[in-house]
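Engineer: Given next are the chains, with one letter for each unit.
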Amino acid sequence: MATGSFKVSTSKNMHLVDITAQTTKAVADSNIRNGCCIIYNPHTTAGLTINEGADPTVQTDIIEALRKIVPLDHPYRHLEGNSPAHVMASLMGSSVTVFIENGNLCLGTWQKIFFCEFDGPRSRKVLWQITGD
Amino acid sequence: MATGSFKVSTSKNMHLVDITAQTTKAVADSNIRNGCCIIYNPHTTAGLTINEGADPTVQTDIIEALRKIVPLDHPYRHLEGNSPAHVMASLMGSSVTVFIENGNLCLGTWQKIFFCEFDGPRSRKVLWQITGD
Amino acid sequence: MATGSFKVSTSKNMHLVDITAQTTKAVADSNIRNGCCIIYNPHTTAGLTINEGADPTVQTDIIEALRKIVPLDHPYRHLEGNSPAHVMASLMGSSVTVFIENGNLCLGTWQKIFFCEFDGPRSRKVLWQITGD
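Residue numbers (my numbering), protein chains in the order written: chain E, 1 to 133; chain U, 134 to 266; chain B, 267 to 399.
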């Protein structure tokens with residue numbers, strides 16, 4: 001088993017950041033050739049998702065859709081004013097899992113791993129754990 | 134590997150119940166110091182999520198948002214009348230994964246693990262599996 | 267550890283396909299009696315979820331709800347015209363995890379595992395990884 005973390009810098013209030021390269025590096029550093037990589041987000045106003053990375057407009061479309069899906073002007077009780085970000089975090093989820101085969105992440109042709117910032121810009125951190133042999 | 138389950142009692146129709154203490158106890162009982170804890174929900178009108186636990190209004194805000202996001206008065210075909218709960222279950226997801234380091238759950242500063250009741254109040258059960266050494 | 271994949275054929279534009287039988291077969295083929303089964307979807311306009319399988323109307327209700335939840339006629343920028351499918355993929359998630367006990371999937375009484383097609387009909391593929399002993 002290998003564990004670690006890496007930093008993610010987000011530059012917008014809502015921002016999908018491709019973290020596939022850092023994840024690929026984590027797999028290489030782990031020396032694990034076959035197994036499983038779990039990425040975990042320890043923040044409550046951010047999430048993780050796997051989606052298309054080839055066309056960057058998919059990322060902005062996901063953000064725009066989430067802004068339509070989650071009520072932004074509801075009379076929320078949480079006084080920090082970032083309740084929509086907490087809701088989006090739960091909709092996306094706190095971890096993603098990708099298999100590893102021959103040292104490579106088993107992502108689909110168009111898939112990339114994204115850190116989903118919903119209350120940025122901020123400096124964030126992501127944890128990873130890789131198991132296998 | 135260690136496995137087990139614990140009960141969750143929900144007291145409202147929609148209710149986010151903090152199950153971090155039971156999960157922490159499962160980790161202690163497992164004697165696994167470094168590895169991974171997966172919590173699994175076997176019910177189809179409930180889910181699991183990780184979100185802020187410090188301010189309880191975040192929990193009620195998530196519930197209120199889900200009641201706005203998921204159509205409640207749609208002419209659903211499922212005759213039990215709890216289709217919105219099934220939809221919310223899929224939006225939250227059926228399992229969460231948290232790393233374990235030195236016998237502790239690697240939750241972020243504000244994170245707690247929540248059982249999400251969407252068709253309560255009920256007596257529910259949650260399964261866990263802990264791997265590592 | 268055992269890994270593999272199986273094909274999923276979807277016959278509608280939006281279609282929840284029960285893949286519990288294929289997953290059960292994967293567990294049997296793995297000869298792993300106690301552990302964990304992860305199912306992974308490598309496509310960006312599809313997802314995976316665990317929900318009720320007894321009454322098929324739950325599946326159509328989930329699809330109808332997602333068509334209400336995700337804006338279908340938003341001026342999305344992604345030119346392929348399938349942005350709602352990408353959003354739904356992220357809402358459902360890219361993998362599901364089910365425990366294995368005595369060679370059986372630890373699903374709840376009403377639970378089945380569903381491949382969620384959001385841009386079909388298509389021929390799809392699902393990856394699985396089973397760990398344990």
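No lab work stands behind these hints: they were computed from the structure. One or more of the hints may lead you astray.
To be verified - Here are some of the chain E residues that sit facing chain U, going by a computed Cβ distance under 8 Å:
id : residue
1  : Gln22
2  : Asn31
3  : Gly35
4  : Tyr40
5  : Pro42
6  : Ile63
7  : Ile69
8  : His74
9  : Tyr76
10 : Arg77
11 : His78
12 : Leu91
13 : Asn102
14 : Leu105
15 : Leu107
16 : Gln129
Claimed, not checked - Straight-line C-alpha distance at most 16 Å; calculated EDC-like pairs for lysine to aspartate or glutamate:
id : chain 1 : residue 1 : chain 2 : residue 2
17 : B       : Lys273    : B       : Asp284
18 : E       : Lys68     : B       : Asp284
19 : E       : Lys12     : E       : Asp133
20 : U       : Lys201    : E       : Asp119
Quick caveat: nothing in here was measured; it's all calculated off a predicted structure. Every residue gets a Cβ at the ideal spot worked out from N, C-alpha and C, and that includes glycine.
Engineer: Look at each hint and say if it fits the structure.
Structural biologist: Structure-based check of each hint:
1. Checking E/Gln22 against chain U: minimum C-beta separation of about 17 Å lies over 8 Å; hint violated.
2. The beta carbon of E/Asn31 is not positioned within 8 Å of any beta carbon in chain U (closest approach about 17 Å), and the interface hint is therefore violated.
3. Annotation: E/Gly35 was flagged as interfacial toward chain U, and the flag is violated, the nearest CB pair being 12 Å apart, outside 8 Å.
4. Taking 8 Å as the C-beta cut-off, the interface hint given for E/Tyr40 holds, the closest approach to chain U being about 6 Å.
5. The restraint placing E/Pro42 at the interface with chain U holds, with a minimum CB-CB distance near 3 Å, inside the 8 Å limit.
6. Residue-level restraint check for E/Ile63 is violated (minimum Cβ-Cβ distance to chain U is 16 Å; threshold 8 Å).
7. About 6 Å separates the beta-carbon of E/Ile69 from the nearest beta-carbon of chain U, less than 8 Å, and the hint is met.
8. Of the supplied interface hints, the one on E/His74 holds, with its beta-carbon coming within about 7 Å of a beta-carbon of chain U, less than 8 Å.
9. Below 8 Å, beta-carbon pairs count as interface contacts, and E/Tyr76 has one with chain U at about 5 Å; its hint therefore holds.
10. For E/Arg77, the suggested interface contact is upheld, since its CB lies about 4 Å from the closest CB of chain U, less than 8 Å.
11. With a least beta-carbon distance of about 4 Å to chain U, the hint placing E/His78 at the interface is held under the 8 Å criterion.
12. At about 6 Å, the closest approach between the beta carbon of E/Leu91 and any beta carbon in chain U falls short of 8 Å, and the interface hint on this residue holds.
13. For the restraint placing E/Asn102 at the interface with chain U, the shortest Cβ-Cβ distance is roughly 23 Å, beyond the 8 Å limit, so the hint is violated.
14. With 8 Å as the threshold, the beta carbon of E/Leu105 stays out of range of chain U, its nearest partner Cβ sitting at about 17 Å, so the hint is violated.
15. The restraint placing E/Leu107 at the interface with chain U is violated, with a minimum CB-CB distance near 18 Å, outside the 8 Å limit.
16. Annotation: E/Gln129 was flagged as interfacial toward chain U, and the flag holds, the nearest CB pair being 5 Å apart, inside 8 Å.
17. Under the criterion of a C-alpha separation no larger than 16 Å, the hint pairing B/Lys273 with B/Asp284 is consistent with the structure, at around 12 Å.
18. Only pairs whose Cα atoms come within 16 Å are accepted, and E/Lys68 paired with B/Asp284 is rejected, the gap being roughly 30 Å.
19. Proximity of E/Lys12 to E/Asp133 is assessed by CA-CA distance (about 38 Å); at most 16 Å being required, the pair is judged violated.
20. Pair hint U/Lys201 plus E/Asp119 does not hold up; C-alpha atoms about 21 Å apart against a cutoff of 16 Å.
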